Every structure is written in structure tokens, then in C-alpha cells.
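For the protein sequence lines, the chains are E and W, in the order given.
Per UniProt numbering, the first sequence starts with residue 1, numbered consecutively.
Per UniProt numbering, the second sequence starts with residue 1, numbered consecutively.
Since the hints were made in silico from the structure, they are not lab data.
Quick caveat, the model's predicted, so the values are computed rather than measured.
Please note: incorrect hints may appear among the correct ones.
Partial pick of chain W residues on the chain E-facing surface, computed with a CB cut under 7 Å [said to hold, decoys possible]:
{"#": "1", "residue": "A83"}
{"#": "2", "residue": "V84"}
{"#": "3", "residue": "N86"}
{"#": "4", "residue": "A88"}
{"#": "5", "residue": "V98"}
{"#": "6", "residue": "D130"}
{"#": "7", "residue": "L135"}
{"#": "8", "residue": "Y138"}
{"#": "9", "residue": "G159"}
{"#": "10", "residue": "A223"}
Far from chain W, some chain E residues (derived; all Cβ distances over 12 Å) [what the hints assert, rightly or not]:
{"#": "11", "residue": "L14"}
{"#": "12", "residue": "R67"}
{"#": "13", "residue": "V135"}
{"#": "14", "residue": "D175"}
{"#": "15", "residue": "R193"}
Label-pair ranges, simulated between beta-carbon atoms [as the list claims (entries may be wrong)]:
{"#": "16", "chain 1": "E", "residue 1": "I8", "chain 2": "W", "residue 2": "R446", "range": "56 to 62 Å"}
{"#": "17", "chain 1": "W", "residue 1": "Q141", "chain 2": "E", "residue 2": "R88", "range": "52 to 58 Å"}
{"#": "18", "chain 1": "E", "residue 1": "V226", "chain 2": "W", "residue 2": "P32", "range": "33 to 39 Å"}
{"#": "19", "chain 1": "W", "residue 1": "R121", "chain 2": "E", "residue 2": "T131", "range": "50 to 56 Å"}
{"#": "20", "chain 1": "E", "residue 1": "P213", "chain 2": "W", "residue 2": "R127", "range": "54 to 60 Å"}
{"#": "21", "chain 1": "E", "residue 1": "A69", "chain 2": "W", "residue 2": "H311", "range": "55 to 61 Å"}
{"#": "22", "chain 1": "W", "residue 1": "H269", "chain 2": "E", "residue 2": "A69", "range": "40 to 46 Å"}
{"#": "23", "chain 1": "W", "residue 1": "H311", "chain 2": "E", "residue 2": "I8", "range": "47 to 53 Å"}
Quick reminder that beta carbons are idealized off the backbone N, C-alpha and C, glycines included.
As a plain string of letters, each chain reads:
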Amino acid sequence: MTGPRSWIARRLLLGAAQTAAVVLLVFALTEALPGDAAVALAGDQPDPERIAAIREAMDLDRPALERLADWTAGLARGDLGTSLASGRPVGTYIADGFGPTLLLAALTVALLVPTGVGLGVLAARHEGRFTDRLVSSLTLGVYAVPEFAFGVLLVTVLALRLGWVPPTAVGYGTDLLAHPAALVIPVLVLLSRPVCSLARLVRAGMIDALDSPYAAHARRYGVPGVRVRYGHALPNALAPATQQLARTVDWLLCGVIVVEALYVIPGLGTVLMNAVAERDVPVVQGLAVVFGVTTVVLNLGADLVARRFAPRTEAAA
Amino acid sequence: MDAVTAVAEIKNLRVEIDGRAIVDGVDLRVLPGTVTALVGASGSGKTTTGLALLGEYPAGALVSGDVRAPDGLVGYVPQHPAAVLNPARRVGALLRDVARAQVRHLPRRERRTALRERVLRALALARLPDAETMLRRYPHQLSGGQQQRVVLAQALLLGAEVVVADEPTTGQDPSTKRGIVEQFAALAREGIAVVLLSHDLDVVRALADEVLVMRDGHVVESAPPERLWRAPRHPWTAELLASGSGATRVEPVSEGATTLEVGPLTARHGRTAVLRLPGLTLHPGACLAVVGRSGSGKTTLGRCLAGLHRHHDGEVLLDGVPLPRSLRDRTRQQLAAVQYVFQDARAAFDEHRPVLHQVARTAVRLRGAAEPDALAEALTTLAALGLAEDLVRRRPGALSGGELQRAALARALLARPRVLICDEITSGLDTVTRKGILDTLAALVRDRGDLSLVLITHDPATAALAGRVVVLDAGEPVEEEAPARRVMTGA
């Protein structure tokens with residue numbers, strides 16, 4: 001048997017390898033795209049000489065492997081490189097974009113967990129009755145709507161018809177906290193599908209747990225219903241939900257491109273879109289590193305939490 | 001009437017499901033400080049009667065009759081204690097949950113210490129030493145015996161006047177069994193009434209003050225154990241008691257030939273060596289029992305032979321030809337030659353397909369038989385094992401545990417194996433069913449000449465079938481003799 005510490009170390013090593021693989025893959029894919037930063041910069045009337053000059057100035061004429069090696073060496077020093085398009089350090093791009101993304105993600109998760117778990121527990125308590133059917137069919141229905149469609153619907157109703165909130169965050173820059181009204185629709189759209197999947201997972205887990213022999217045993221020995229529900233059944237129901245939650249948070253932090261594009265929020269998703277359009281390889285690679293690390297750390301965290309809720313399942317790396 | 005008043009009483013209980021009575025006309029008086037045992041084959045209504053004391057009935061049951069039991073003061077120790085221990089809560093939390101109701105009358109400040117005192121006292125009564133460590137553990141970190149004692153400690157914390165124990169010794173090795181018997185005897189000395197549901201006749205005889213023999217939902221006879229064993233009045237009781245004795249021993253046909261030979265073998269789980277065996281020979285028509293406590297490596301030995309455990313360095317020769325370590329590398333003939341029957345027959349069948357088709361599949365897969373031939377052969381084999389055609393055309397859910405175990409045997413036999421490994425196939429079965437299975441095995445070896453049996457077991461009655469016994473302790477054979485008397489007595 002190995003302790004949790006060596007397990008975490010193994011998982012982190014594996015995660016580093018996975019991140020490296022992601023970076024290599026992203027580099028290879030951006031190389032494979034037709035055109036490069038020089039072509040993108042040269043504008044609508046590309047003049048071959050001008051492109052070649054830009055290419056030389058940007059060191060793009062050097063072999064791909066050499067550029068990758070340079071970039072990797074910089075990464076070891078904590079330097080993510082400089083943007084090809086603007087010459088600014090990649091670090092500042094990510095720092096600028098991270099603020100709005102983090103704000104959106106934090107708000108969404110803060111609302112997601114209580115709503116999802118609450119709805120799931122509520123439905124499980126009334127299994128097969130009206131409340132359960134209502135929650136189950138609503139969550140299924142909302143889950144089936146793609147977020148861009150739901151987003152457009154919300155903008156039409158809340159912003160354009162009723163005029164309660166602004167339709168997009170255009171003109172507010174990165175300081176979104178000063179304009180909370182602009183966040184209402186994006187957060188609602190981000191919430192819509194995760195709430196449904198989380199509620200359905202918690203509901204299924206709670207029904208199983210409440211039906212289990214250990215819950216029956218606790219009731220038999222006079223343990224109050226509230227305690228059976230939240231102390232005994234819920235931890236068992238939460239283990240699978242934790243993994244789902246980690247995937248949701250991962251999705252939120254790694255740039256929710258559709259929502260950011262729809263509401264013009266200058267988060268990581270927007271940064272990524274622009275970088276790809278400009279063939280700005282260093283920025284794309286920097287984002288790949290950040291996304292890779294986030295994914296690895298979040299999943300490790302989720303496994304640790306799930307281990308706490310369901311200590312029986314020996315975690316496998 | 002008796003001078004002592006019964007602490008719980010059942011009068012003329014009838015429990016009916018879908019028009020079929022599973023318990024009918026049962027009377028039961030439970031006296032404080034005594035052990036009342038309900039014995040009988042599986043499906044005789046023992047558990048239904050026991051659970052009636054807890055006020056619990058199967059879903060959709062029609063109940064009539066009179067059940068009087070101290071409200072909320074009946075403890076329950078189920079057959080699988082792990083099932084009632086919440087996997088996500090530490091032992092301490094599980095015990096405090098039960099005790100909390102008992103300290104509610106105290107002022108808030110004193111509750112914490114009172115709670116702790118009660119929990120520690122219950123642990124001591126349930127004979128769980130090293131309370132501090134125990135309280136911090138999760139249920140899965142305890143052994144089966146410890147889990148059972150935690151469930152018992154919960155009943156004690158409840159202040160239970162009656163404890164219903166369902167098959168507490170099933171699947172336990174003899175020395176653990178003795179511990180459990182002492183535990184329940186101590187409980188009765190504390191003045192608690194114990195209702196023991198068991199088909200383990202040795203345990204019943206050692207513990208019970210009063211025995212009720214059940215069959216098909218009726219109590220056919222009730223008497224103190226001495227009287228019952230001396231002079232059973234009902235023929236069914238006599239049959240039940242006789243089933244406790246072992247089956248006829250199987251002696252090998254010839255000592256000369258060798259079916260299976262195992263060289264020096266060390267098997268590992270990860271880095272720990274779990275089995276060290278100097279060697280093993282199996283003759284055609286022989287029956288070898290591998291016995292030992294849980295964790296002694298006996299199942300690992302069986303799995304090494306069958307190719308289910310490949311982390312070992314030994315050589316397994318079948319008719320002088322080495323068998324590949326892993327199942328995946330064995331040819332169909334080699335797979336067919338070594339067959340394995342598992343302890344949990346229900347888990348070994350797909351619940352959605354008829355038993356017959358699953359049994360016949362072996363002949364198709366391993367011997368290349370045509371589907372109709374395979375089905376015909378399966379029907380013959382199943383009939384020879386006492387399973388009728390209309391029964392095996394159903395899905396596994398319609399068969400009892402004993403019937404499924406026979407079907408599992410038939411499935412292995414359809415491969416026409418040279419070696420049949422039976423892993424605890426009789427534990428969890430009642431004595432009558434067990435006797436039937438053992439007689440079947442003995443007849444098989446007799447009739448099939450070249451078939452050799454490996455019986456993995458901790459049940460002395462099962463081991464008695466074998467001509468030779470290997471006793472494993474902590475992964476090493478401590479003795480190999482014929483017959484092993486020490487195991488029979490459980491020493």
C-alpha cells in the first residue's frame with residue numbers, strides 16, 4: 001500500500017507529462033495550419049517580399065524545432081515568450097484575460113454548487129412524485145438546449161424586450177465587477193447546463209444512498225431524518241458529482257469561448273480566439289500550458305475530495 | 001405461564017407475498033438473557049421472522065398476526081455487516097450517531113463527555129480493543145469480524161433489549177467463529193435476549209437455549225438443543241441434523257499418473273509475497289482440499305492454477321506441459337482443462353440471459369460444439385445435477401443460491417475439464433444444500449474417472465470430502481496430511 005502523498009506525487013508527475021504532451025501537440029497543430037503570423041500581419045494584400053521580411057524579423061524563418069527549444073528554455077525560467085502579433089509578453093495577455101474568466105467562473109461555481117446539489121436532494125426526497133418529475137424534466141429540457149441558443153434567447157428576452165440588463169459587456173473592459181448587471185446573462189448561460197448535469201447526478205446518487213442498507217440501519221436506530229439525509233446519504237452521493245464539478249470548473253477556467261464571444265467578455269477564451277486568428281503561436285502555447293496545468297490540478301483536487309467522500313474507493317493513478 | 005416475562009413475542013405471524021405465504025403461523029417467545037435460535041434451510045422464513053421483530057417486512061407483504069417487541073430497542077446484526085456501515089463515515093461517527101439520542105436529556109455541556117463515555121463502554125463490551133484507533137477508522141479498513149463487532153456496539157449503544165443476529169458465523173473460519181460464539185454468549189449474560197438466525201448447527205448447539213426448526217415458513221419443532229439432538233421428533237429435523245455430518249471421502253484412482261504438477265511457486269500481490277509453495281501434485285480422480293483462514297493465500301493458489309493470477313514465478317504443468325501463467329495466453333484446450341467455480345454463483349451469471357444458454361456456451365466456446373448439441377449436453381448435465389429443464393430455461397434470478405451453484409458446476413463441466421477448482425462453493429449455503437453439493441462433487445469424481453478436484457474451503461465438512469488436505473497459514477503450507485484432523489476440529 002502506498003500513502004496518499006506518493007499517490008499525489010505520481011499524479012503530479014503524470015500531469016506534468018500530460019501538459020508537455022499538450023504543448024507539443026498544440027505546437028505541431030499550429031505549425032500545420034496554413035499561413036503564419038507573418039501572413040496574418042501582412043494584411044489583405046500580401047506582398048511576398050514584405051511577408052519574407054516580417055518572417056525574418058520575427059525569426060520565423062528558423063527551423064520549427066529550434067523555435068520550440070528556445071521557447072521551452074524560456075518556460076523553464078518562467079518566461080512564456082513574447083507575442084508575435086504585438087510584441088507584448090505572453091504573461092500579460094494571460095494575466096489580463098484571467099481576471100474576467102476567473103470572475104465568471106467563481107460566480108458560476110458559487111451559484112452552481114448550492115443550486116445543483118439542492119435540486120438533486122430535493123428531487124431525490126420526492127422520488128417519483130410531482131416535485132421529482134418537475135425537476136427531472138426541467139433539467140433534462142434545459143440540458144438539451146445548446147448554450148449559444150439559450151444565450152441568444154436570454155439576450156432577446158432579458159436585455160432587448162425587458163431591458164433589465166445590458167445585452168453584452170462591450171465597453172466595460174476587464175473591470176467587470178464595476179458593472180455587475182453585465183454579468184447576469186453570461187452567468188445564467190454558463191450555469192444552465194452544469195446545474196442540470198450536477199442535479200441529475202446528485203439525484204441519482206441520493207436515491208441510491210437513501211435506499212441503501214446503511215441508511216435503513218441508521219433510521220432503524222433512530223438517527224433523525226435530516227442527519228441521515230445530509231450526514232449519511234449526501235457524502236456518498238457527492239463522490240461522482242465531484243468529478244463532474246471538476247470538469248465543469250475546468251471548462252469554466254479554460255476559456256468559455258462561446259459565452260465570451262457572445263457577450264464580448266475579454267477573458268481567456270477571447271485571448272485564445274484572437275491568438276489563433278493571428279497565428280500567434282507563443283500566446284497559444286502559453287495558454288495551452290495554463291490550461292493543461294489547470295486541468296491536472298483540478299482533477300487531482302477532485303480525486304482527493306472524492307476520496308474523502310468515498311474513502312473506500314482506492315484511488316488509482 | 002413462565003415466571004419470566006418475554007421481552008418480545010410473536011403470535012401466529014403470517015407474511016404473504018403475491019398470495020404465497022413465506023411465513024405462516026409462527027409463534028416465538030424471546031426471554032431476556034437467553035439465546036433463541038431459528039434454524040432451517042435457506043428460504044425457510046428465518047430472516048422474515050427475525051426482521052418482524054424489528055417491524056420490517058419485505059416490500060408488498062401482507063402481514064397478519066401479533067408482534068410485540070420493545071419499540072426502538074431491537075438491535076440487528078445482518079449477515080453482511082459491511083452493508084449497514086456507511087462507507088463514508090468513520091466508526092466514531094457511526095457510533096456517536098446512535099448514542100446521540102441517548103444523551104439528549106442531558107444539559108448541552110455534558111453531552112460530549114457522556115457521548116464519549118458511552119461509545120467507549122460499548123466498544124469494550126463488544127470486545128473491540130484499541131478504541132482510539134478504531135474510532136478513527138473507516139468501515140472498509142476493518143476486518144469482517146471487526147465490522148460485525150462495530151454493528152454489535154451500535155446495538156449496545158441503542159440499549160437494545162433484543163438483538164437479532166442473521167447468520168453471524170457464515171463464511172467465517174473456525175477460530176473467528178469461536179470468537180463470535182463467545183461474543184453472543186457474553187451478550188446473553190448481560191441480560192440481552194439474542195435471536196439467532198443460522199444454518200450453522202454447531203454454533204446453534206453451542207449457543208442456543210431454545211431452538212425453533214423452520215421449514216417452508218412453519219415452525220416444525222421447537223425444543224432445547226440437548227433434547228433436539230438427542231431425540232428429534234420431526235423427520236425434517238432429523239434430516240437437517242444429519243446434514244451436518246460430512247460427505248463420503250474421495251480417494252484417488254491411481255497414485256501413479258499425474259494430472260497437474262506445480263513446481264516451487266511464490267505468488268505476489270504488488271511487492272508482498274502472499275503464497276510460498278514448495279510444490280504440489282494432483283493425481284487423476286483425486287480430491288485435494290486447500291484450507292486455511294481468510295487471507296492465508298488459498299484463493300491465490302487456486303487463481304494461480306487457473307491463470308487468473310499471473311504474478312508468480314512457479315511452473316504449472318498439465319500432463320507434463322507447462323501452462324502459460326495468464327489466462328490470455330492459454331489455448332482453448334488448456335482453458336477447458338482447468339475450470340474454476342466461484343464462491344458467489346449469482347455474481348458469476350449474467351442476470352439477463354437464461355441459465356441454460358449460459359451453461360451451454362462453455363461447450364461452444366471452449367470445445368467448438370454446435371449450438372444444438374451444446375444445449376442438449378447442457379440439459380443432460382444439468383438434469384444429472386438435479387436441475388429440471390423448466391427451471392434452467394429461466395433467468396438466474398429465479399434460481400436459489402444452491403441451484404445456481406449447481407448450474408455453475410454444470411457450466412464448468414461442459415468444458416470437460418481435467419481439473420475443477422471450487423472456491424468456497426458451499427459457504428453461504430445451508431447445511432442441507434451443502435450436503436447435496438458435496439454428494440454431487442463426490443459422485444462426479446467417481447463417475448468421471450480422470451477429473452481431479454481442488455476444493456478451496458474453510459469449512460471442515462467440505463474438506464472432509466478430500467483425500468488430501470493442504471493447510472495454508474500466512475501463505476505457507478503448514479502441513480499436508482490425509483486426512484487433516486487438526487482442521488476438522490478447527491484448531
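Status of the hint placing D130(W) at chain E (closest C-beta pair under 7 Å): D130(W) check fails; min Cβ-Cβ to chain E is 19 Å, beyond 7 Å.
Interface hint outcome for V84(W) [beta carbon to chain E under 7 Å]: holds, 4 Å
Interface hint for V98(W), Cβ within 7 Å of any Cβ on chain E: Holds, because the Cβ-Cβ distance from V98(W) to chain E comes to roughly 5 Å (cut-off 7 Å).
Verdict for R121(W), T131(E) (Cβ pair) under range 50 to 56 Å: violated, 44 Å
Exclusion check [R193(E) not at the chain W interface, CB over 12 Å]: holds, 28 Å
Status of R67(E), Cβ more than 12 Å from any chain W Cβ: holds, 45 Å
Consistency of beta-carbon spacing, R127(W) to P213(E), with hint 54 to 60 Å: violated, 24 Å
Outcome of range test on Cβ distance (V226(E), P32(W); 33 to 39 Å): Check passed, 34 Å falls within 33 to 39 Å.
Hint check: 7 Å Cβ-Cβ cutoff, Y138(W) to chain E: Hint holds; Y138(W) Cβ to chain E Cβ min 5 Å, cut 7 Å.
A88(W) as chain E interface residue, shortest Cβ-Cβ below 7 Å: Given a least distance of 4 Å, the restraint on A88(W) holds.
Supplied distance hint 55 to 61 Å, evaluated on CB atoms of A69(E) and H311(W): violated, 42 Å
Residue hint G159(W), partner chain E, criterion CB-CB below 7 Å: Hint on G159(W): violated, closest Cβ of chain E at ~10 Å, above 7 Å.
The earlier numbered hints that this structure contradicts are 6, 7, 9, 10, 19, 20, 21 and 23.
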